[in-house]
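One letter stands for each residue in the lines below.
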Amino acid sequence: MKAYSLFRKDWQSELRTRYAINALAMFILVTISVILFSIGTEKISEYLTGGLLWVVIFFSAMSGLSRAFVSEEERGTTLTLQLIAAPSTVFSGKLLFNLVLVFLMNIAITILYSALFESFVIKSFDLFLIAFVLGNFGIAISSTIIAAIISKASSKGTLYPVLSFPILLPLILTLLELTKFAMDGNSIGDSWVEIAVLVCYDVIMLTASYLLFDFIWKD
Amino acid sequence: MNNYSLTLEKVSKIFGRRLVFKDISLQMSSGNVYGISGCNGSGKSTLAKIITGLISPSNGKITHLFNDKKIESENLHDYLGFVSPYLFLYDEFTAEENLYHFAKIRGIKINNTRVDYLFDLFNLSDRKKDILKGYSSGMKQRMKFIFALQHSPQLLIFDEPTSNLDNAGKEAVYKLIEEEGKNNLVIIASNEEVDLSFCGNVIDVEKFKIV
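Read top to bottom, the protein sequences are chains A and B. Quick note, this note's numbering runs 177 ahead of the 1-based positions in the first sequence. Quick note, this note's numbering runs 11 ahead of the 1-based positions in the second sequence.
Next comes chain B alone, as it looks inside the complex (with noise of 0.2 Å):
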């Protein structure tokens, strides 16, 4: 098991005059998936973007940490997959290019076991030479898992992780969750009551909010 740790210390976020959350404080480790809920505009997403160093929080520290060693912010990005319904593809570019022109900019080599294996899970493996244009929505989503994992990261974190997709999309992601989950942290943003299931901890955002 990868020895991967986040820490949050009274993380809080405000836009503008809006106050998203308060004081998250959380201590997560690999092997674990964790789950983060609450309504519609609740700062789920704001707390996976801040979590992923996308945006900065107002006030708080966030710790990554790997083999108890930090992580540097302009580094996290090799550490990370990430997948959320406001994250886009190259749709000029097959799928295959996609995943090329990724692992050439990470610097890394492909892994075209690990890449033929997510192609089967997702079931995408026929429509691999395809340029993204021709997708469907389910089909680009299923295509973000396959981008988030393509570089076996030890952070994933899912935004969201089933919108758009069919039933079996949806058992792939559960199947990838539930190995994944074994290993590597995973934390999952949703509403969905079955996409929470799989978590160990789930935070509520709402609990961090003071009117």
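So that you can see chain A by itself, here it is in the shape it has in the complex (with noise of 0.2 Å):
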């Protein structure tokens, strides 16, 4: 519940400050413009598409999912969270609050770009489902923990997609690995490895993030 309260603090502040929505809403439109522009009038292969839509949510990401943390750093707020709540309520909060954003701007993407890309057409909805699901909860919790380490940072802007990129390799490669297979048209029973590792990555990514928050959150 306190959680919860953190999660609708951050909500209203965002949406009168406009710190993360805006920075995500241009990045989605410029980047899916850009491939669009570079494509032209040539017909691109549907795996490429497939592969093409992780990288946009990729670096959406990278875009504004850093601001949970970095927006407190940059008004000198995370010492008042510090006086109010647990460092477990606040990496709750923040990553719920992530969750949102990361849930809303896949969403986004992925409708834009089924409209955009003729080519891209998914076979297996279920699997794709699926993967889209556990794919946006890997990247909430690994952006979230990240967020945290480097808004003590000086060089918060390139140290983001950095730091993530190693974190986020394993799971963009199993999400690009199940976009295929649901592009195949495979079954989920076809696809439990990929569907077991994102899960694996989750869990892990969650039970470390919280193990670790305590030593970042505190000086």
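Read the hints as simulated data drawn from the structure, not as lab findings. One or more of the hints may lead you astray.
[Stated by the list, open to error] The calculated SDA-like cross-link candidates involving lysine to any residue, where the alpha carbons are at most 20 Å apart (straight line), are:
no.: 1; chain 1: A; residue 1: 179; chain 2: B; residue 2: 104
no.: 2; chain 1: B; residue 1: 120; chain 2: A; residue 2: 184
no.: 3; chain 1: B; residue 1: 181; chain 2: B; residue 2: 203
no.: 4; chain 1: B; residue 1: 115; chain 2: A; residue 2: 265
no.: 5; chain 1: A; residue 1: 395; chain 2: B; residue 2: 140
no.: 6; chain 1: B; residue 1: 186; chain 2: B; residue 2: 120
no.: 7; chain 1: B; residue 1: 120; chain 2: A; residue 2: 178
no.: 8; chain 1: B; residue 1: 144; chain 2: A; residue 2: 256
no.: 9; chain 1: B; residue 1: 140; chain 2: A; residue 2: 178
no.: 10; chain 1: A; residue 1: 395; chain 2: B; residue 2: 73
no.: 11; chain 1: A; residue 1: 220; chain 2: A; residue 2: 292
no.: 12; chain 1: A; residue 1: 300; chain 2: A; residue 2: 354
no.: 13; chain 1: B; residue 1: 120; chain 2: A; residue 2: 181
no.: 14; chain 1: B; residue 1: 115; chain 2: A; residue 2: 254
no.: 15; chain 1: A; residue 1: 395; chain 2: B; residue 2: 27
no.: 16; chain 1: B; residue 1: 144; chain 2: A; residue 2: 189
no.: 17; chain 1: B; residue 1: 115; chain 2: A; residue 2: 185
Mind assembling these two chains? They're in different frames, but the hints should get you there.
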């Protein structure tokens, strides 16, 4: 409940300041436009569109999700949060905020992408949905803990994608594989190994994040 | 009177190769006002932050007890009210919204009687629906006291409490220190003689430096 209250505070703050939403919306539009312009009239392969989808998602996440902690640090309100909530509450609240943002962002990207790229056709929708949901959880968890780490650094902008890349790489590679399977029309049963990898990734990242956050949050 | 006590045992702080202070041992209890003095850069704020648990000491141990029960560091925020120049509230929210969110995140009900009293004491009642972005630095400082006292904490730490305040603001702070000092443990870190005149005991951080 306390974490939900922190999420509500962040959400209300986001609606007023538009720290993350504007950055995310602009990034999504610009990236998809650049891809469209660079392709031109050429017809690209199905697998390539599937890969590009996750490239757009990865970089969009990099442009907006760090705000959860960076905005607190920039406004000097980190201390205020430390004085009103336990570290686990702060992490849960921020994770909830990033989860909502990731789901909204990725739903928008996927709808826009499906409408603009003819060759992006998902034959096994249920498999794609599972990959999409588990992938979003993974991106949100990893982004939140990395945002907490880099918020204390001086070069936040560059450090975020650099630090995120190795951590998100196993997740993105698995998601690419599952998207390919979903495009081929594979069943969930055929892809259980990749799904299990995603579940393990989410569980490990979540556990490690909660264990680590105490040390990151307190000086 | 609350039964809150704070014990510092041989607390030292070193930043890199610079020793801030060494072997501070103190015993503090509720119903008293304590002062921390020392020149600029002597470590007053550092000691205040260590007591609040915001930073860790390099050596030594700090124990918070309430009704003879040890308070764990993750729960300390429930017992603590802190005011300092480096504390910032949310500029995009009104004063009321700030307090609403803080109470919700703390998991407590808003005590309207208490909050109204504090708004009146700091003469902010007619501005409580304004966003903090439009507040002057003095008004923001007043607001920090309302934030610190909203949940009726047992331990109050005021770091440079009268910075940015006008005479009326200072008077409100002094009244508050006198009131809170009767039941709670109040610690003031300041260089102002008037601020420290309210303290029964004053710790000079300079004395804990070894050159």
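Results for each hint:
no. : hint          : result
1   : 179/A / 104/B : holds, 19 Å
2   : 120/B / 184/A : holds, 18 Å
3   : 181/B / 203/B : holds, 11 Å
4   : 115/B / 265/A : holds, 16 Å
5   : 395/A / 140/B : violated, 33 Å
6   : 186/B / 120/B : violated, 25 Å
7   : 120/B / 178/A : holds, 13 Å
8   : 144/B / 256/A : holds, 18 Å
9   : 140/B / 178/A : violated, 26 Å
10  : 395/A / 73/B  : holds, 16 Å
11  : 220/A / 292/A : holds, 15 Å
12  : 300/A / 354/A : holds, 14 Å
13  : 120/B / 181/A : holds, 15 Å
14  : 115/B / 254/A : holds, 17 Å
15  : 395/A / 27/B  : holds, 17 Å
16  : 144/B / 189/A : holds, 16 Å
17  : 115/B / 185/A : holds, 10 Å
Hints 5, 6, 9 from the earlier list are contradicted by this structure; the remaining hints agree with it.
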